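Peer 1: Letter by letter, the chains look like this.
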Amino acid sequence: MSGLRILVPVKRVIDYAVKPRVNRTQTGVDTNVKHSMNPFDELSIEEAVRLRERKTPVQEILAFSAGPAKSADIIRTAMAMGADRGIHVQCNEGEELEPLGVAKLLKKVVEGEKSDLVILGKQSIDDDAAQTGQMLAGLLGWSQATQASKVQIEGDSVTVVREVDGGVETLKAKLPMVITTDLRLNEPRYASLPNIMKAKKKPLEKKTLKDYGLDTAPRLKTVKVTEPPARKGGVKVDDVDGMISKLKELGAL
Amino acid sequence: MASKLALFKASLLSHIACRSVHRSQIQLPCHVPVTIAQRGFAVSSRRRLMEMSGFTTEQMDVREAVSKICSKYPDEYWAEHDESGVYPHELHADLAKDGWIGIALPEELGGAGLGISEATMMLHTIAESGAGIAGAQSIHANVYATQPVAKFATPEQRHRMLPKLIAGETRTCFGVTEPNTGLETLKLKTTARKDGDSYLVSGQKIWISSAQVATKMVLLARTTPLEEVKKPSEGLSLFFVDLDKSAPGLELKRIKKMGGRAIDANEIFFDNFKISADTLIGKEGQGFKIVLHGMNAERCLLAGEALGIGYAALKRAANYANERVVFGRPIGMNQGIQHPLASAYMHLEAAKLATYHAARLYDSSTEDPTITQHAVGIACNSAKYLAAEAAFAACERAVSGSVLCCGGRPEIGCGCLD
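Quick mapping for you: the protein sequence lines, in order, are chains A and B. In terms of the UniProt record's numbering, the first sequence opens at residue 1 and continues consecutively. In terms of the UniProt record's numbering, the second sequence opens at residue 1 and continues consecutively.
There could be a bad hint or two in this list.
Below 25 Å or equal to it, Euclidean Cα-Cα: the simulated PhoX-like pairs (lysine-lysine) are [as the list claims (entries may be wrong)]: (1) B:K187 / A:K202; (2) A:K201 / B:K97; (3) B:K97 / A:K200; (4) A:K206 / A:K34; (5) A:K34 / B:K315; (6) B:K97 / A:K55; (7) A:K224 / A:K19; (8) B:K187 / B:K231; (9) B:K194 / B:K274.
Keep in mind the hints are simulated off the structure, nothing from the lab. All values derive from a computational prediction rather than experimental measurement.
Work the whole structure out from these sequences, hints included.
Peer 2: This is how it looks when you write it as structure tokens:
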């Protein structure tokens with residue numbers, strides 16, 4: 001094997017520090033705010049780059065995103081962190097994708113690019129669907145390891161440690177496979193200035209959904225988006241006994 | 001240097017502004033050592049004050065990446081360093097590690113080959129993060145004082161002098177200002193007398209920032225006595241010297257400051273201090289023209305730093321105006337609070353345009369002969385003045401707004417003037 005061909009899908013989402021606000025028509029949130037790379041996708045890119053730095057044979061790291069024109073910024077960020085090149089499928093308004101659509105699209109990309117490892121965030125922090133990785137593995141018929149907290153690759157054997165309720169689980173699988181990343185996998189680097197400059201010269205291919213000829217029509221319809229109910233004021237209790245009786249009163253104990 | 005005082009006041013005021021807001025709300029425990037935060041995810045402020053239209057992608061990239069690094073350094077870090085007077089070594093190391101010191105230095109030396117337009121954004125972002133002038137000063141001399149070195153030094157000198165500085169292994173300070181000849185650079189008295197393969201430097205410099213931690217100095221000294229110069233702009237020479245504090249003939253005295261104390265300011269005394277002749281940059285006697293190249297860059301960076309402080313102060317003031325409730329509603333509902341803050345905002349926006357215009361002129365003057373150095377100088381000096389004024393106004397309003405409503409100062413504590 002001449003080295004891994006890693007595909008890292010990244011998504012442009014509302015920056016995690018921004019408090020989203022529901023729009024007036026209650027059809028979604030106001031998107032005229034700062035966006036950045038989905039934090040879990042930063043972990044994916046970082047892990048791909050670290051695999052290469054740990055001398056795991058890596059032939060190529062490809063960053064991929066489907067989204068509006070501005071998604072190209074996120075791909076550039078991924079390339080500044082260490083991805084070799086990028087593909088941007090530009091989606092116009094009304095072409096929003098659901099997890100299944102993304103998974104189908106990624107399957108096409110995997111086939112076209114001959115990828116043998118896909119590392120993706122376990123979920124995006126905007127829709128929180130946490131489905132794309134699993135659906136992709138299903139469509140491809142590949143092994144999957146979700147919520148990875150450690151990844152080791154030797155030859156075509158992959159060991160993934162994942163945090164589960166009550167402990168950690170170690171999985172072993174053969175390439176090709178799909179891995180989704182969780183918070184404690186690594187600590188993503190900052191893009192250094194020379195790498196930001198180099199990233200501008202790395203190839204970024206532009207495509208459209210039509211190029212893939214897929215049925216990505218939405219299966220779901222957003223009925224309404226509302227703010228969570230405002231938090232009610234609390235009560236002060238005098239002592240521990242007071243707290244316990246209050247908790248009992250509320251049925252929490 | 002004319003507006004050094006104004007900038008200094010600005011940094012002081014922003015410091016007070018942060019503190020008065022903090023103290024009133026969360027009671028900072030000042031003696032607890034502050035650790036630098038672990039790397040978080042990408043961060044952004046919820047309130048975006050500065051209008052970002054019109055910046056280049058390079059400038060936006062710089063802003064994004066530098067603010068990520070700065071987000072590791074909370075206000076408490078800067079408050080503690082201001083108390084202790086300890087240089088922010090960690091920030092310098094973080095910036096150097098990711099290649100930021102060499103932002104405007106040539107790629108062949110390890111720099112990024114960008115311009116002062118991007119460097120201004122970098123220092124603007126550092127100051128705006130809460131690091132203030134102190135944070136910006138921890139690196140800025142390394143950015144602007146090296147400009148004349150990169151431009152006028154021989155290739156051999158450049159390779160000897162700059163790569164280590166870009167890598168963060170060495171640091172430089174900028175030795176121009178003297179007592180009584182601060183503005184009148186052409187009358188500088190410190191002399192460098194040729195002595196074989198060396199020069200012997202004698203005289204005094206003042207307000208030299210970060211000389212305690214720097215091991216290099218960009219030094220402007222007189223090589224021809226003032227009476228003997230043919231043209232008033234000649235007679236000074238620029239050197240990039242080793243600042244070995246144990247060497248004979250060199251003495252540093254730290255100056256006490258009222259703010260921005262994390263960065264040392266110094267008086268420096270030279271008494272036949274020996275420097276090697278191969279540290280001379282460009283031709284002997286041409287130092288003034290050469291150093292102007294650094295000074296104009298300095299003015300842009302300082303203007304950016306002032307903007308950063310101004311926007312930071314305004315943001316805190318705006319947040320406070322929205323949070324602080326008096327007589328049943330946020331004080332920000334009152335026009336008496338709104339108007340001064342709106343005015344401060346407009347002045348900052350105007351100064352921002354002047355600043356980035358000056359930086360653009362500085363950068364394009366190297367390729368466009370129709371942009372004279374005179375035009376660059378006017379733009380850079382104006383930008384520094386305007387930005388310092390706008391920042392000062394923003395800080396003053398931020399402080400008076402919060403102080404008035406906290407009742408923090410006895411002379412104005414008994415009611416609102418605004």
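Peer 1: Checking against the hints above, which ones are violated?
Peer 2: Checked against the structure, the only hint that fails is number 1, while the rest are satisfied.
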